[in-house]
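Asker: Protein sequence lines, in the order shown, are assigned to chains A and B.
Using this note's numbering, the first residue of the first sequence is number 1, and each one after it goes up by one.
Using this note's numbering, the first residue of the second sequence is number 1, and each one after it goes up by one.
If you're looking for bench data, these hints aren't it; they were derived computationally from the structure.
Be aware that one or more of the hints could be misleading.
Stated by the list, open to error - Quick partial rundown of chain A residues pointing at chain B, CB under 10 angstroms, derived from the structure:
id, residue
1, G137
2, L140
3, T148
4, R149
5, T150
6, A178
7, G239
8, T274
9, A312
10, M384
11, R421
Note that the structure is predicted; figures quoted are calculated from it, not measured.
For each residue, glycine too, the CB sits at the ideal point set by N, CA and C.
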Amino acid sequence: MGDHVSAIDHGDDRQVVDTLCDTVDRWAARHIDARAIDRAGRIPPQVLAALAELGLFGLPIPGSYGGGGLPLAAVCRVISTLARHDRSVATTVGLHVGLGTRPLVAFGGEALCARHLPLLAAGKRIAAFAATESEAGSDLSAIRTTATRTDAERIRIEGEKIYVTNGALASVFTVVAATPSMGGASRGHSLILVERDDRGVAIGNEEHKLGLRGSSTTPLRLDGVEVGTDRVIGLAGAGMRHLRHVLSWGRTVMAAGCVGAAETALSFAVEHVTTRRQFGRPLAQLEVVREQIATMAALTRAMSAIVAQTAAVEEDHEALAVRSTSAKVFCSEAAWEVADLAVQLHGGAGFIEETGLPLVLRDARITRIFEGANDVLCAHLGAMELTSPPARRIVGDPDADHLAARIGERRRELLDLHGIRILSRQRLLHGLGRLVVLREACDAAAAGARTDGTPEARRLAAAFIDLAGRRAAAFLEDPPPIAQTIAISDAAYARPRP
Amino acid sequence: MQTQTDPTLDARVVAVIAQLTAVKAGDIKPRDRLREDLGMDSVSSMELISLLAEELDLDVDVEEALQVTTVDGAIELVKRRVAARAPRACAVK
């Protein structure tokens with residue numbers, strides 16, 4: 001474990017995390033070449049070794065296993081710092097400390113943790129997480145990978161996973177499998193630790209991707225892999241329950257990566273508009289440019305706030321589930337919006353790879369899809385808002401409180417009109433979920449500004465809450481009639497395809 | 001028309017649960033708890049009642065649906081609502 005992270009257990013945490021982030025920032029500026037990583041399609045071994053030396057693979061792993069024992073908030077700040085320099089590196093480390101090792105840290109038995117966590121904390125082994133299958137993407141209940149008992153102490157796993165982040169690097173995989181013969185009364189899924197060297201494990205070829213090309217993504221085949229029942233992480237049959245917590249963690253870490261990407265895109269844009277002259281003056285002085293820069297700055301600050309507010313409820317699993325989902329949706333979309341605006345402000349130069357900006361845009365795209373496609377997550381957030389709305393405190397910002405009150409009215413209106421059947425009205429659930437995301441982002445922005453206390457922070461929060469209010473208006477009313485939508489989409493489906 | 005003793009209602013409830021979980025219909029028992037035994041969460045257990053209400057044209061209060069915690073409970077609720085609907089259906093005729 002690197003000295004930088006082991007120091008966390010002592011002294012003032014906040015100060016130590018600040019120092020760590022500064023160290024990571026300076027190191028990354030010197031040693032990470034994002035465009036070279038993108039071109040090569042891999043992270044150089046010496047960069048991975050240095051990340052391990054810095055202690056970054058052990059950030060949240062308990063000190064008793066050689067990790068830094070950092071809280072989620074600190075992990076997020078480090079991942080955000082890495083993402084400012086390269087998203088592939090941030091994703092490799094973020095997946096390892098999030099979905100990769102969180103199952104073991106949160107639910108693993110002592111023997112399993114003792115065997116694996118020290119090597120994972122030291123970065124001598126990399127962790128991956130394998131849930132997605134060809135027929136089970138957003139719908140994880142469709143998972144077909146199955147683990148069955150062969151005797152009292154052994155289980156046999158059959159199945160094939162796809163899009164496994166860190167696949168080619170990992171030695172340890174947390175596999176989500178149906179376990180119908182295990183768990184006693186519980187007959188859902190289980191999380192099972194599989195090692196790369198287990199007989200029957202096969203790692204497929206690297207996928208060729210739009211972005212995050214330096215981050216490994218492979219299939220994982222499990223062809224009759226026999227392991228001991230002691231490889232089950234947590235309770236057998238309780239995999240989906242465990243998964244909800246693990247995903248909450250992973251989504252928060254991923255949202256933190258989006259913050260770093262947005263900061264980089266904003267920085268690119270500011271550099272360009274303050275140096276590029278058109279119409280006899282710097283672009284920065286044009287009103288429309290100022291407006292776009294202000295939007296980017298307000299979004300980026302709100303992203304940072306929602307990640308901080310989400311990480312702050314790490315111990316409250318229910319609150320973390322709602323906030324992390326909102327943070328993931330909000331930050332992935334805001335990062336895309338900020339990167340897209342940065343490209344636009346660059347004019348033609350924004351389309352040229354040499355500027356580095358297209359890479360930021362390409363890398364940002366996947367976050368709206370992986371760890372839960374945003375539209376599916378929004379429908380889920382809408383359903384949660386209807387069945388078990390999270391308790392909300394008045395945040396003291398009149399506009400944020402007003403928006404929250406209007407969303408509450410919309411919720412009651414939907415329930416009165418549709419009753420329980422609202423749970424089957426996807427478009428309405430999705431719209432309500434979109435409102436939840438905006439409400440959570442506004443609340444976080446308001447709270448962040450209050451904590452910060454500076455006039456600039458208050459201005460940024462006010463600008464964001466105003467923007468969110470305008471965007472919310474579209475979802476506070478019913479969408480166009482479904483019959484019209486069905487007719488148009490049916491016509492599109494029926495059209496001959498080239 | 002389905003009645004309170006219609007066994008197809010039981011099968012229909014079980015089929016929808018199987019659709020929402022990874023558990024095969026044949027492995028689902030009446031006393032199974034939706035969350036602890038079948039891995040459902042608060043949303044999917046409400047979605048179950050919603051899908052049944054939609055399919056069987058039932059009026060179900062959200063509060064009533066929230067009380068359902070077992071397979072048996074879901075079957076009972078559906079039967080109760082089907083029975084409550086019956087006189088209205090006759091009156092329409």
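Asker: Against each hint, give a clear statement of whether it holds in the structure.
Answerer: Verification of the supplied hints:
1. G137: violated (15 angstroms)
2. L140: With a closest approach of 9 angstroms, the L140 (chain A) hint holds.
3. T148: violated (13 angstroms)
4. R149: violated (15 angstroms)
5. T150: violated (19 angstroms)
6. A178: holds (5 angstroms)
7. G239: holds (7 angstroms)
8. T274: Constraint on T274 (chain A) not satisfied, violated at 48 angstroms.
9. A312: violated (23 angstroms)
10. M384: holds (6 angstroms)
11. R421: holds (5 angstroms)
Figure legend: structure checked against the earlier numbered hints; hints not met, in rising order: 1, 3, 4, 5, 8, 9.
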